[in-house]
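Chemist: Sequence:
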Amino acid sequence: MSIWDAFSKIPGKTANGETGDVAIDHFNLYKDDIKLMAALGLKNYRLSFSWTRILPTGKTDVVNEEGIAFYNSLIDELVAHGIEPMVTLFHFDFPLALQLEHDGFVVDA
Numbered sequence: 001m002s003i004w005d006a007f008s009k010i011p012g013k014t015a016n017g018e019t020g021d022v023a024i025d026h027f028n029l030y031k032d033d034i035k036l037m038a039a040l041g042l043k044n045y046r047l048s049f050s051w052t053r054i055l056p057t058g059k060t061d062v063v064n065e066e067g068i069a070f071y072n073s074l075i076d077e078l079v080a081h082g083i084e085p086m087v088t089l090f091h092f093d094f095p096l097a098l099q100l101e102h103d104g105f106v107v108d109a
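Using UniProt numbering, the first residue of the sequence shown is number 1, and each one after it goes up by one.
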């Protein structure tokens, strides 16, 4: 679970109780999305990794190989369509376990 997952499930914190769990369903539709990007002539695509898709517990004790495979496939598909992926490692989301244990990036190391 991420900090966004936790926050968005608190009643009253988001419009209409939306969580963004599915949103536009890019996870399942990314190949079609990339075809549309290519048809529009896009040359770059900024994406961020959902760390909880890769590290479900927020730590390296469990690595979700399916999550890694998704990002590998997504990036391969972008490159195959002549679109350069630009990966943001930290956009706004953060594993909840790290936030709870270490106060995220706030704590002095």
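It is possible that some hints are incorrect.
[Said to hold, decoys possible] In silico SDA-like pairs for lysine to any residue, Cα to Cα no more than 25 Å straight-line:
hint, residue 1, residue 2
1, K9, G82
2, K59, E84
3, K59, L74
4, K31, A15
5, K9, I54
6, K31, D103
7, K43, I68
8, K13, D32
9, K35, D76
10, K35, R53
11, K35, G20
12, K43, A15
13, K59, L100
14, K35, L100
15, K35, P85
16, K35, L74
17, K35, D5
18, K59, G41
19, K35, N16
20, K13, K31
21, K9, D32
22, K43, T57
23, K31, A6
24, K43, K9
25, K35, K9
26, K43, T19
27, K31, P85
28, K9, D76
29, K59, D103
30, K9, L55
31, K13, L100
32, K35, G17
33, K13, E66
34, K59, G17
35, K59, F49
36, K43, Y71
37, K35, I75
38, K43, K59
Bear in mind the hints are in silico, worked out from the structure with no lab data behind them.
Chemist: Holds or violated: are the alpha carbons of K43 and K59 at most 25 Å from each other?
Modeler: With a Cα-Cα distance of about 34 Å, the restraint between K43 and K59 is violated, given a limit of 25 Å.
Chemist: Taking 25 Å as the top limit, are the C-alpha atoms of K35 and L100 close enough?
Modeler: Violated, because 40 Å separates the two Cα atoms, which is more than 25 Å.
Chemist: Taking only the CA atoms, is the gap from K35 to R53 under or equal to 25 Å?
Modeler: Judged against 25 Å, a Cα distance of about 24 Å means the pair holds.
Chemist: Has the given pair, K31 with P85, been kept, meaning a C-alpha gap of at most 25 Å?
Modeler: Holds: K31 and P85 sit about 14 Å apart, inside 25 Å.
Chemist: Please work out if K43 and K9 have their alpha carbons no farther apart than 25 Å.
Modeler: Distance ~36 Å between K43 and K9 Cα, so the pair is violated.
Chemist: Would you check the hint for K35 and N16, treating anything up to 25 Å between C-alpha atoms as holding?
Modeler: violated (31 Å)
Chemist: Would the hint linking K43 and A15 be met if the CA-CA limit is 25 Å?
Modeler: violated (33 Å)
Chemist: Given the hint that K59 pairs with F49, test it: the Cα-Cα distance must not exceed 25 Å.
Modeler: Measuring from Cα to Cα gives roughly 15 Å; hence the hint holds.
Chemist: Quickly compare the C-alpha distance for K59 and D103 to 25 Å and report which way the hint goes.
Modeler: holds (14 Å)
Chemist: Between K31 and A15, does the CA-CA distance stay at or below 25 Å?
Modeler: violated (29 Å)
Chemist: Holds or violated: K35 and G17, Cα atoms, limit 25 Å.
Modeler: violated (32 Å)
Chemist: Going straight from one Cα to the other, do K35 and D76 come out at no more than 25 Å?
Modeler: Status holds; Cα separation ~13 Å.
The structure is inconsistent with the numbered hints 1, 2, 4, 6, 8, 12, 14, 17, 18, 19, 20, 21, 22, 23, 24, 25, 26, 28, 32, 33, 34, 38, although it conforms to all the rest.
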